[in-house]
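Here are the chains, one letter per residue:
Number of protein chains: 2
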Amino acid sequence: MKINAERLKRHFESMSLIGKIGETGTCRPAHSPEEKQAFELASSWMKEAGMTTRIDNFGNLIGTLKGKKPELPVLMIGSHLDSQPYGGRFDGVAGVLSGIEAVATLTENGITPDRTIEVVSFADEEGWRFNKGLFGSKGILGKNTEEDALRKDKDGLSRLDALKEFGCDVNNFQASVYPEGSIYCYLELHIEQGPVLDIAKKPIGVVTGISGPLWLTVTLKGQAGHTGSVPMPLRKDALLGAAEIIVALNRIATQVKENPTVGTVATINVFPASRNIIAEEVAFTVDLRDIDLDRRNRYEKQLYEKIEEITKKNGLTYTIKEDTNSEPRYCADWIKSIITDNCKKLNLDAPELMSGPFHDALPLSYACDYGMIFVRCKDGISHNPLEYASDEDLVMGANVLLGTVMDILKK
Amino acid sequence: MKINAERLKRHFESMSLIGKIGETGTCRPAHSPEEKQAFELASSWMKEAGMTTRIDNFGNLIGTLKGKKPELPVLMIGSHLDSQPYGGRFDGVAGVLSGIEAVATLTENGITPDRTIEVVSFADEEGWRFNKGLFGSKGILGKNTEEDALRKDKDGLSRLDALKEFGCDVNNFQASVYPEGSIYCYLELHIEQGPVLDIAKKPIGVVTGISGPLWLTVTLKGQAGHTGSVPMPLRKDALLGAAEIIVALNRIATQVKENPTVGTVATINVFPASRNIIAEEVAFTVDLRDIDLDRRNRYEKQLYEKIEEITKKNGLTYTIKEDTNSEPRYCADWIKSIITDNCKKLNLDAPELMSGPFHDALPLSYACDYGMIFVRCKDGISHNPLEYASDEDLVMGANVLLGTVMDILKK
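Sequence lines, in order, name chains L and C.
Numbering of the first sequence is given in the working numbering, commencing with residue 1 and proceeding in unit increments.
Numbering of the second sequence is given in the working numbering, commencing with residue 1001 and proceeding in unit increments.
It should be emphasised that the hints constitute simulated quantities derived from the structure, not laboratory data.
Be aware that one or more of the hints could be misleading.
Here are the in silico distance ranges between beta carbons for each label pair [stated by the list, open to error]:
hint, chain 1, residue 1, chain 2, residue 2, range
1, L, E309, C, G1156, 48 to 58 Å
2, L, E309, C, K1313, 16 to 26 Å
3, C, K1313, L, E165, 42 to 52 Å
4, L, E309, C, T1217, 22 to 32 Å
5, L, E309, C, K1312, 21 to 31 Å
6, C, K1313, L, K143, 37 to 47 Å
7, L, G22, C, R1298, 23 to 33 Å
8, C, D1323, L, I21, 28 to 38 Å
9, C, D1323, L, D155, 28 to 38 Å
10, L, K152, C, A1005, 34 to 44 Å
11, C, K1152, L, K201, 40 to 50 Å
For lysine-lysine, the following PhoX-like pairs were computed, each having C-alpha atoms within a straight-line distance of at most 25 Å [what the hints assert, rightly or not]:
hint, chain 1, residue 1, chain 2, residue 2
12, L, K378, C, K1221
13, C, K1002, C, K1020
14, L, K257, C, K1312
15, C, K1306, L, K378
16, C, K1313, L, K306
17, C, K1306, L, K306
18, L, K313, C, K1378
19, C, K1221, C, K1201
20, C, K1009, L, K221
C-beta: ideal position from N, C-alpha, C; glycine also.
Please work from the sequences and hints to get the whole structure.
This is the structure in structure tokens:
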């Protein structure tokens, strides 16, 4: 039994037109009219696949294929249809469309499983609009805080108001929370968003887990002064301190070359930012990830020591704000085995790899066992209109997902 | 013979009221009604000191004490009365007021020199209004370009129109240009705008020269990618490259601890500046200064080599744009000696130091010999309402200037 490759291709094409930017880009903000339009299209395909559909109070689109034994915990397949502001056509979309395709294939083959299957497009996975992601997938598990709902976008519109406009009953979030034990397991197919499979020339990968990001904001305070008149030994140059810390973080993250640890500084802001005034204050973000939490904790400690040492040397003061501290979440061995077996059936040599980015699977991992299938993406480019996964790879991925779903249903 | 300390203090106080902001700040834009008011006040003091006054077509205020031999090249003393938008009470003002005070003292003592003395408040030294400074001091030497006159301020008013409003005949700049050889030498007293004298606890310094800044903009291009999914060895991280270059520049500038070389990166811009996307492009400014041009050139070469090496290692491409390349301009030894002698006469141990910032003396250095006297300023703070020089130090500086003028007149 195989999915309908032509239909899946058509679905990708149709979906890419909603919020299309440039030739190949996508901009579908969370809780936006564009996301609504994408939900309507996906909803029509869900219905064709035999599912009933609803949009819950978190702004999630949920398609349900009712099983013969609806009292059993559901098999959930998900991802998201919102995109980065300058994003691609596959991030999130691949998971939702292949989930729908898997269910459509079951239905077309006359299979009504005992267990209910749900395909979910989670709301605001990306998180850029309100500067915090995974809203829908955390929502159904009752993990959002009041603060998450009150966050505002750059136009000053709160998430609560955006959800209201979207048609959600924001006074009744609780009605959309899944009771404990009601989800049997969670599956997500996603493009890799990294170059590992592309370099290894492997179309499909089996995810071992999602490495937890540690996100810090480090602020250094020095003293402004004229770049021409303050002698070097008398300076308290906050940008020099920041540069030394960036270099130190890189050394820490790469101290054992074979390890998958990644450490990055990707934003930096300088005050007063005049070319002839020594930087008085510099704030930058730190992103440290590892599938091995002990090692990440060890490296974090090394980083703190370096910050202490470097700021002392440069006469700076500092603060460190912890924005996020997620632990690695491992995929269930039994689901990994099923995915690997299904890859073998399709003659695919699918390597195991960790996921650096988080996904809707991350919050779900606290509610049930989960598994993830990665599809190769060209040059590892994602969050960019250049993001690309071939039809062939996506079809293979969807077939691996279908096989995995069928094997899980047999359990 | 000494200057009148009480009068000088009064002059500082009166001048600080024009364009006063907050308790101790000043905002007197170039060619503005506030500068005009400052000129009128200074002009009244110049007249009391026996000078005739005029405002030339560049918007300079020039006070002239006619000598007995007016055919001799003039002894010029200058600085400026325009200020930074959020500036202090002493930057520029100190040089103009102590120049007037020195002439007043000569006149009160019945001295009419052979050589004509001129005290000048140069127009738009600061340069922020039209984003280019030293307009008046370059103007009298015929060094302005047409472009300098056409520059617009943030309200869209051109310098030409601002000068017209100020009362200048902008069709006759040439009439205000000093013929070659008509300036014998130039003296300028200025607050240090750096912490060297304050830390050394010395009220007065003898300037050795104005170090020429080399200003570069370096742009590094790497490749964006998800901070969680691109393994460290595969990255082309433009911000890491920039950090390594910032550290390298610091090492280059401080390789000989005793040298006055200063090297600074004070602005940096990252694209796309998202905390979980590896920096694709980073641009930063470099400011390298030294009183020794050979050494600065050598260090510049070392920097270029480092940029080559670091970008290669990180898989980056780069461009370097040279925004400014000024050579150091040395004070005349004979004037430095006279200044030092006059400091000694006042029991001042005045250290020699270079000037990092430029001054009106910079363009003048191409027309005649020049000397500069630095007055200590608290904590090295300048271009800020907190800028502070004590009455005592300013009086000492004015007395050193007076002595220097008298010794030069004897030559």
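A quick look at each hint next to the structure:
About 50 Å separates the C-beta atoms of E309 (chain L) and G1156 (chain C), a value consistent with the hinted range of 48 to 58 Å. A C-beta distance of roughly 24 Å is found between E309 (chain L) and K1313 (chain C), which places it inside the suggested range of 16 to 26 Å. Taken as a hint, the range 42 to 52 Å holds for the pair K1313 (chain C) and E165 (chain L), whose Cβ atoms sit roughly 50 Å apart. In this structure the supplied range 22 to 32 Å holds for E309 (chain L) paired with T1217 (chain C), their Cβ-Cβ distance being about 31 Å.
Under the hint 21 to 31 Å, the C-beta atoms of E309 (chain L) and K1312 (chain C), about 29 Å apart, fit the expected range. The beta-carbon spacing between K1313 (chain C) and K143 (chain L), approximately 43 Å, falls within the hinted interval of 37 to 47 Å. A beta carbon spacing of about 47 Å between G22 (chain L) and R1298 (chain C) contradicts the range 23 to 33 Å that was offered as a hint. With their beta carbons about 35 Å apart, D1323 (chain C) and I21 (chain L) fall inside the hinted range of 28 to 38 Å.
Between D1323 (chain C) and D155 (chain L) the beta carbons are some 36 Å apart, a value that agrees with the proposed interval 28 to 38 Å. Taking the beta carbon of each, K152 (chain L) and A1005 (chain C) are about 59 Å apart, not inside 34 to 44 Å as hinted. With their beta carbons about 58 Å apart, K1152 (chain C) and K201 (chain L) fall outside the hinted range of 40 to 50 Å. Of the supplied pair hints, the one linking K378 (chain L) and K1221 (chain C) holds, its CA atoms being roughly 20 Å apart against a limit of 25 Å.
Under the criterion of a C-alpha separation no larger than 25 Å, the hint pairing K1002 (chain C) with K1020 (chain C) is inconsistent with the structure, at around 30 Å. The suggested pairing of K257 (chain L) with K1312 (chain C) holds, with an alpha-carbon distance near 19 Å, which does not exceed 25 Å. A C-alpha spacing of about 32 Å is found between K1306 (chain C) and K378 (chain L), which places the hinted pair above 25 Å, so the restraint is violated. With a CA separation close to 23 Å, the supplied pair K1313 (chain C) and K306 (chain L) stays within the 25 Å bound.
For the proposed pair K1306 (chain C) and K306 (chain L), the alpha carbon gap of about 24 Å is at most 25 Å, so the pair holds. Taking the CA atoms of K313 (chain L) and K1378 (chain C), the gap is about 24 Å. The hint holds against a cut of 25 Å. Proposed proximity of K1221 (chain C) and K1201 (chain C) is contradicted: the alpha carbons are some 46 Å apart, above 25 Å. Using a Cα cut-off of 25 Å, the hinted pair K1009 (chain C) and K221 (chain L) is violated, with the two alpha carbons roughly 36 Å apart.
In the structure shown, a violation is registered for the earlier hints numbered 7, 10, 11, 13, 15, 19 and 20, in ascending order.
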